[in-house]
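Number of protein chains: 4
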Amino acid sequence: MLKVLDEKRVQKLKEEICEANLELVAKKLVIYTWGNVSGIDREADLVVIKPSGVPYDKLKPEMMVVLDLEGNIIEGNYNPSSDTPTHLELYREFENIGGVVHTHSTYATAWAQAKRKIDCYGTTHSDYFYNEIPCTPELTPEEIGGDYESNTGRVIVRTMRDKDYISVPGILVANHGPFTWGKDAHEAVHNSVVLEELAKMASLTIAINKDITQIQEVLMDKHYLRKHGKNATYGQ
Amino acid sequence: MLKVLDEKRVQKLKEEICEANLELVAKKLVIYTWGNVSGIDREADLVVIKPSGVPYDKLKPEMMVVLDLEGNIIEGNYNPSSDTPTHLELYREFENIGGVVHTHSTYATAWAQAKRKIDCYGTTHSDYFYNEIPCTPELTPEEIGGDYESNTGRVIVRTMRDKDYISVPGILVANHGPFTWGKDAHEAVHNSVVLEELAKMASLTIAINKDITQIQEVLMDKHYLRKHGKNATYGQ
Amino acid sequence: MLKVLDEKRVQKLKEEICEANLELVAKKLVIYTWGNVSGIDREADLVVIKPSGVPYDKLKPEMMVVLDLEGNIIEGNYNPSSDTPTHLELYREFENIGGVVHTHSTYATAWAQAKRKIDCYGTTHSDYFYNEIPCTPELTPEEIGGDYESNTGRVIVRTMRDKDYISVPGILVANHGPFTWGKDAHEAVHNSVVLEELAKMASLTIAINKDITQIQEVLMDKHYLRKHGKNATYGQ
Amino acid sequence: MLKVLDEKRVQKLKEEICEANLELVAKKLVIYTWGNVSGIDREADLVVIKPSGVPYDKLKPEMMVVLDLEGNIIEGNYNPSSDTPTHLELYREFENIGGVVHTHSTYATAWAQAKRKIDCYGTTHSDYFYNEIPCTPELTPEEIGGDYESNTGRVIVRTMRDKDYISVPGILVANHGPFTWGKDAHEAVHNSVVLEELAKMASLTIAINKDITQIQEVLMDKHYLRKHGKNATYGQ
Chain A
41 MLKVLDEKRV QKLKEEICEA NLELVAKKLV IYTWGNVSGI DREADLVVIK
91 PSGVPYDKLK PEMMVVLDLE GNIIEGNYNP SSDTPTHLEL YREFENIGGV
141 VHTHSTYATA WAQAKRKIDC YGTTHSDYFY NEIPCTPELT PEEIGGDYES
191 NTGRVIVRTM RDKDYISVPG ILVANHGPFT WGKDAHEAVH NSVVLEELAK
241 MASLTIAINK DITQIQEVLM DKHYLRKHGK NATYGQ
Chain B
41 MLKVLDEKRV QKLKEEICEA NLELVAKKLV IYTWGNVSGI DREADLVVIK
91 PSGVPYDKLK PEMMVVLDLE GNIIEGNYNP SSDTPTHLEL YREFENIGGV
141 VHTHSTYATA WAQAKRKIDC YGTTHSDYFY NEIPCTPELT PEEIGGDYES
191 NTGRVIVRTM RDKDYISVPG ILVANHGPFT WGKDAHEAVH NSVVLEELAK
241 MASLTIAINK DITQIQEVLM DKHYLRKHGK NATYGQ
Chain C
41 MLKVLDEKRV QKLKEEICEA NLELVAKKLV IYTWGNVSGI DREADLVVIK
91 PSGVPYDKLK PEMMVVLDLE GNIIEGNYNP SSDTPTHLEL YREFENIGGV
141 VHTHSTYATA WAQAKRKIDC YGTTHSDYFY NEIPCTPELT PEEIGGDYES
191 NTGRVIVRTM RDKDYISVPG ILVANHGPFT WGKDAHEAVH NSVVLEELAK
241 MASLTIAINK DITQIQEVLM DKHYLRKHGK NATYGQ
Chain D
41 MLKVLDEKRV QKLKEEICEA NLELVAKKLV IYTWGNVSGI DREADLVVIK
91 PSGVPYDKLK PEMMVVLDLE GNIIEGNYNP SSDTPTHLEL YREFENIGGV
141 VHTHSTYATA WAQAKRKIDC YGTTHSDYFY NEIPCTPELT PEEIGGDYES
191 NTGRVIVRTM RDKDYISVPG ILVANHGPFT WGKDAHEAVH NSVVLEELAK
241 MASLTIAINK DITQIQEVLM DKHYLRKHGK NATYGQ
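Chains as they are written, first to last, in our numbering: chain A, 41 to 276; chain B, 41 to 276; chain C, 41 to 276; chain D, 41 to 276.
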C-alpha cells in the first residue's frame with residue numbers, strides 16, 4: 041500500500057507532540073527529561089517523537105524527530121528519545137492507537153518498582169481502565185543485554201496479549217515505570233495523568249485497609265461502559 | 041403548593057453553582073471532570089447542576105442545567121452531570137440542605153475504596169462532623185444493574201437513617217468516593233475541602249499509631265457545639 | 041507595678057500579629073480559619089490576637105483584638121480567637137515568650153491525634169527542639185466540661201513542667217494539634233513551620249524503619265548548642 | 041605547583057554558586073536556611089560557599105565566601121556555612137568533583153534518619169546512581185565531640201572507600217541528611233533533586249511491596265551505562 045507523506049499534516053503532528061510533551065510538565069508527571077510522548081500519522085505510517093536529552097523548557101515543534109515504523113529517521117536534527125524502539129513496537133502491534141506516553145511519574149513508578157499490578161479498588165479506576173492495570177514480568181538478562189528498548193515493547197505486547205488494549209490503555213513495566221497510550225497523544229497524556237492518580241489512590245487504599253480486594257465486576261462494567269463504547273451515556 | 045419560578049433567582053443560582061464548581065479546582069479536589077456541585081432553589085424546587093463532560097476551564101454560568109426534583113430538564117443546552125439522580129435523591133430526603141458536592145478527591149476516595157468509615161481522631165474532625173464519617177455498604181448487583189445513580193443516593197440516605205444529616209454533612213460511598221452537603225453549595229464545597237483534609241490526617245494518624253481509637257464523646261460535644269447550634273460561641 | 045500603654049507600640053504589635061497570621065497561610069499551615077497567632081507587649085502586659093472566625097484573606101491589622109492577661113478586652117471590635125484562654129495561660133506561665141501559635145497543620149496534628157510524642161530522629165529536629173517534642177495527656181472529662189480552653193493551656197504547662205520551654209518551643213496537645221511559641225510571634229510561626237516539617241520527616245522515618253530510636257544525646261547537644269545559647273557558632 | 045587566582049573566574053563562580061543555592065529553593069529542597077551549595081575552582085584551589093544564616097531571599101553573589109582548601113577565608117564579609125569543613129573534606133578527597141550540595145530535603149532526610157541505605161528498586165535510580173545509595177555509620181561520641189563537621193566529611197569518605205564517587209554521586213549521613221556532588225555545582229544540585237525523588241519513590245515502593253529487593257545488576261548496567269561513560273547513547 042502506498043503511504044502518502046503530507047507536509048502540513050506532519051507539521052501539525054509535530055506541534056501536537058511538542059505540546060503533549062509540555063503537558064507532562066504542566067501536570068507534574070516529569071522532572072528534567074524523565075518522559076516522552078509520541079504520535080503517529082497512520083496514513084503515512086510516520087511517528088513523531090520527542091528528541092533525546094533536550095530539557096522541556098527548550099522544546100520546540102521543529103525539534104521533534106520524524107521516523108518510519110522501522111525506526112529510520114525521516115526528518116529531524118536531533119536523536120529521537122532513547123525509548124523510541126519501545127514506542128514503535130506498540131504502534132506496530134496496537135493498530136488503533138495514535139499516541140504513546142512514557143513517564144517516571146512518582147506513584148505509578150513506585151508500583152512498577154514494587155512489581156505489583158494495580159487492582160481495581162474503585163470507580164475512578166473503572167471509569168478509565170477496565171479491570172486491573174497489569175505489570176509486566178521482568179525482562180530476562182538476555183532481553184536486557186540484547187535489543188533492550190524493543191524488548192521492553194515486546195514484553196508489554198506479550199503481557200497485553202489476553203487483554204484489550206483499548207479498555208486497558210496503559211501498563212506498568214516492572215522495575216521501570218508506566219507506559220500509556222490512546223487514540224492520539226493528547227488522550228495518551230490524559231491516561232498518564234489518570235494512571236498516576238489511580239496509583240496514588242491505590243497506595244493509600246491498601247495502607248488504610250490491607251485486606252482490600254477488587255470491586256465487583258458488575259460495578260466495573262457499569263462505570264466503564266457508562267463512559268466508553270457505543271452505549272456510553274456520559275458527556276454530551 | 042404552588043412553586044414560583046423567579047428568573048433572577050435562578051440566574052443567581054446558576055452563577056453561584058458555576059463558581060462553586062470552579063472552587064473545586066481551586067481547592068485541588070478535582071482534575072479533569074471528576075466532580076460536580078449542585079444547588080437547589082427550595083421555593084421553586086429547582087435544582088441547578090454542572091453539565092456533564094464539560095472541562096472546568098470552559099465552564100460558564102449559562103451552561104448550568106436546571107431540573108425539577110423528578111429530573112426533568114427545565115432549562116439548559118447540555119446534559120446534566122451523570123450523577124444528577126444521586127443529587128436529586130439527597131435533595132428529596134434531606135429537606136434542609138441547599139447544596140450537594142461529589143468529588144473523587146484523593147484521600148477521601150482512598151477511604152471509600154478501603155470501605156472504612158473515618159473515625160473521629162481529633163478536634164479538627166469534631167469541629168465539623170459529629171462523630172464518625174460513615175461509609176455506605178456496597179450496592180448489590182441488582183442496585184448497580186438497575187437505576188444505579190438513584191440507588192447510590194438511596195444507599196446514602198439509608199446509611200444516614202440513624203444519623204443527623206445536619207451534624208454529619210458528608211459520607212463515603214463504598215468503592216466510589218465522597219459526597220458532602222450543606223445549607224448552600226458554598227458550604228457543601230467547604231465541607232468537601234474539610235473532609236479531604238480529615239481523610240488525610242486520619243490516614244496519617246492510623247499509620248503513626250495503629251491502635252488509635254476515637255476521642256472521648258465529651259470532647260466531640262465540646263468542639264462540635266462550640267461551633268454549631270444555638271449555643272455556639274465561635275466566630276463573631 | 042504600673043504598666044504603661046503605649047499606643048504606637050500596640051499599633052506596631054497589631055501589624056506584626058496580622059502579618060504573622062498571614063504567614064501561616066503563606067507557609068500552608070492553615071486552611072480557612074484553622075489557626076491563630078498572638079503576641080504580647082511585656083511592658084504593658086497586653087496580648088494582641090487574631091479575631092475569631094474572620095477568614096485570612098479579610099484580615100487587617102485594625103481587626104486584631106487587644107486583651108490584658110486576665111482576658112479582658114481592652115480594644116477591638118471583634119471577638120478574640122476562641123483559643124485565647126490557652127494563649128493567655130502560656131503567657132502567664134512562660135515569662136520569656138513573646139508569641140504563641142496554634143494551627144491544625146496536617147502532620148503535627150496527625151501525631152497529636154495519634155497521641156504520640158515525636159522522638160528526636162535527626163539533626164534537623166535537634167537544630168530546633170532539644171530532645172523529644174512532647175504530647176500532653178488527654179484532658180479529663182471534667183477539664184473538658186469546665187473551662188476547656190484555659191485547661192488546654194494548663195495541661196500544656198503541666199506537661200512542660202520538667203522541661204525547658206526555651207529549648208522545647210512547642211508541644212502537641214493530644215487529640216487536638218500543635219502549639220508553638222518563641223521570643224516573638226515571628227519566631228513562634230517559624231517554630232510551627234519547623235514542627236510541621238519535623239512531624240512529616242518523623243512519620244516517614246518510622247515507616248522506613250519501624251525499629252528506629254532517638255539519636256545519641258551527644259549529637260542532640262552538638263546541633264542544639266551550635267545554633268542556640270551563648271556558645272552558638274551558627275549564623276553571623 | 042603554583043595556583044593562579046583569576047578574579048574574573050572567581051566572580052563567575054560566585055554567581056554560579058549563588059544561583060545554585062537559589063535553585064535549591066526553586067526545586068523545593070530547602071526551607072529557611074536548611075541547605076548549602078559550594079563549588080571549587082580547581083586551578084586556584086579556591087572553594088566558594090554560601091554564607092551562614094543568610095535567608096535565601098536575601099542571597100546575592102557578593103555575599104558568597106571564598107576559602108582555600110584548608111578553610112582559611114580568602115574573601116567575604118560573612119561567615120561561611122557551618123557545614124564548610126564537610127565540603128572541604130569532600131573536595132580534598134574526591135579530586136574530580138567541582139560542586140557539593142547539602143540539604144535536609146524531606147524524603148532523603150527520612151531515609152538518613154531511618155539509617156537505611158536506599159536500595160536500587162528501579163531504572164530511575166540506576167539512570168543516576170550505580171547500585172545502592174549508601175548510608176554512613178553513625179559518628180562516635182568522640183567524632184561528634186571533636187571536629188564534628190570535618191568528621192562528617194571523613195565518615196562520608198570512609199563509607200565511599202569501596203565505591204566509585206563518580207557513579208555514586210551522593211550519600212546519606214546517618215541521623216542527618218543527604219550530601220551530593222557533581223562535576224560542578226549545577227550537577228550537584230541536579231543530583232540532590234534526583235536523590236530526593238528516588239528517596240520518595242523508594243519509600244512508596246517498600247510500602248507497596250515489603251519484600252521487594254534490588255533490580256538485576258544487568259539492568260543497572262544497561263541504564264547506568266546508557267547515560268554515562270564513553271559508550272553512552274543517551275542525549276545528543
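Note that these hints are calculated values from the structure, not bench results.
There could be a bad hint or two in this list.
Pairs count within a copy or across copies, as identical chains cannot be separated in the list.
Simulated crosslink set (SDA-like; lysine to any residue; CA at most 25 angstroms straight-line) [claimed, not checked]:
#1 Lys270 / Pro181
#2 Lys48 / Asp202
#3 Lys100 / Gly185
#4 Lys68 / Lys270
#5 Lys68 / Thr146
#6 Lys267 / Gly93
#7 Lys250 / Ala272
#8 Lys68 / Lys98
#9 Lys223 / His268
#10 Lys98 / Asn171
#11 Lys68 / Pro95
#12 Lys267 / Pro181
Verification of the hints:
{"no.": "1", "hint": "Lys270 / Pro181", "in the structure": "between (44 angstroms within a copy, 22 angstroms between copies)"}
{"no.": "2", "hint": "Lys48 / Asp202", "in the structure": "neither (38 angstroms within a copy, 57 angstroms between copies)"}
{"no.": "3", "hint": "Lys100 / Gly185", "in the structure": "neither (34 angstroms within a copy, 49 angstroms between copies)"}
{"no.": "4", "hint": "Lys68 / Lys270", "in the structure": "neither (33 angstroms within a copy, 32 angstroms between copies)"}
{"no.": "5", "hint": "Lys68 / Thr146", "in the structure": "both (10 angstroms within a copy, 16 angstroms between copies)"}
{"no.": "6", "hint": "Lys267 / Gly93", "in the structure": "between (37 angstroms within a copy, 10 angstroms between copies)"}
{"no.": "7", "hint": "Lys250 / Ala272", "in the structure": "neither (34 angstroms within a copy, 40 angstroms between copies)"}
{"no.": "8", "hint": "Lys68 / Lys98", "in the structure": "both (17 angstroms within a copy, 22 angstroms between copies)"}
{"no.": "9", "hint": "Lys223 / His268", "in the structure": "within (13 angstroms within a copy, 35 angstroms between copies)"}
{"no.": "10", "hint": "Lys98 / Asn171", "in the structure": "neither (39 angstroms within a copy, 31 angstroms between copies)"}
{"no.": "11", "hint": "Lys68 / Pro95", "in the structure": "both (14 angstroms within a copy, 19 angstroms between copies)"}
{"no.": "12", "hint": "Lys267 / Pro181", "in the structure": "between (41 angstroms within a copy, 19 angstroms between copies)"}
Hints 2, 3, 4, 7, 10 from the earlier list are contradicted by this structure; the remaining hints agree with it.
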